[in-house]
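Colleague: Sequence:
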Amino acid sequence: MFIAADAIGRSSSFKAAREAFTQQQPDLMWQHNPDYNKFPAAACYGLGYRLANPNGFAGLVTVNITGPGKVETYDCMYVEGPNQFLTDSDGGSLNLGITYDPTRCSFDHDTADLTCS
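Under our numbering, think of the first position of the sequence shown as 6, with each following residue one higher.
For the record, the hints were derived by calculation from the structure and aren't laboratory data. No experiment lies behind these values; they were computed from the predicted model shown. Where is the CB? At the ideal position from N, CA and C, for every residue including glycine. Some clues are possibly wrong.
Now the in silico label distances, taken between C-beta atoms and shown as ranges [claimed, not checked]:
{"no.": "1", "residue 1": "T108", "residue 2": "A21", "range": "28 to 34 Å"}
{"no.": "2", "residue 1": "R109", "residue 2": "P73", "range": "20 to 26 Å"}
{"no.": "3", "residue 1": "T108", "residue 2": "S18", "range": "19 to 25 Å"}
{"no.": "4", "residue 1": "S111", "residue 2": "T71", "range": "23 to 29 Å"}
{"no.": "5", "residue 1": "D106", "residue 2": "T71", "range": "29 to 35 Å"}
{"no.": "6", "residue 1": "S111", "residue 2": "G74", "range": "34 to 40 Å"}
{"no.": "7", "residue 1": "T78", "residue 2": "D32", "range": "17 to 23 Å"}
{"no.": "8", "residue 1": "G97", "residue 2": "S17", "range": "16 to 22 Å"}
{"no.": "9", "residue 1": "P107", "residue 2": "H37", "range": "28 to 34 Å"}
{"no.": "10", "residue 1": "A63", "residue 2": "T116", "range": "22 to 28 Å"}
{"no.": "11", "residue 1": "S94", "residue 2": "K43", "range": "24 to 30 Å"}
Based on the sequences and whatever the hints tell you, model everything.
Modeller: Have a look at this one:
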């Protein structure tokens, strides 16, 4: 798995590092997607989540971002289609990053859930 370490290292604050990671890591994963037909999305999330098909993912990696007295943990993965990536909490840019094929997936901005065919 490719990690957006440069983005984290150049960040001016813990908050900025988290946001840089959640926005850049899924894009980096997407660029290295092992099978675009099988995996229509790449996701990173730092809170509770579920997959409608719990086995419909690959490449799971857990990343810890550490700041002064703080640690945030993110799971990053390729989401297999068809599937839903369902968030249990806030989907803001500090917690969630998703890159997906818009012809196969849709993102619900109200619930921060992703549905892929």
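Colleague: Decide, hint by hint, whether the structure agrees.
Modeller: Results for each hint:
no.	hint	in the structure
1	T108 x A21: 28 to 34 Å	holds, 32 Å
2	R109 x P73: 20 to 26 Å	violated, 41 Å
3	T108 x S18: 19 to 25 Å	violated, 36 Å
4	S111 x T71: 23 to 29 Å	violated, 34 Å
5	D106 x T71: 29 to 35 Å	holds, 33 Å
6	S111 x G74: 34 to 40 Å	holds, 38 Å
7	T78 x D32: 17 to 23 Å	holds, 20 Å
8	G97 x S17: 16 to 22 Å	holds, 19 Å
9	P107 x H37: 28 to 34 Å	violated, 19 Å
10	A63 x T116: 22 to 28 Å	holds, 24 Å
11	S94 x K43: 24 to 30 Å	holds, 28 Å
Of the numbered hints listed earlier, those contradicted by the structure are 2, 3, 4, 9.
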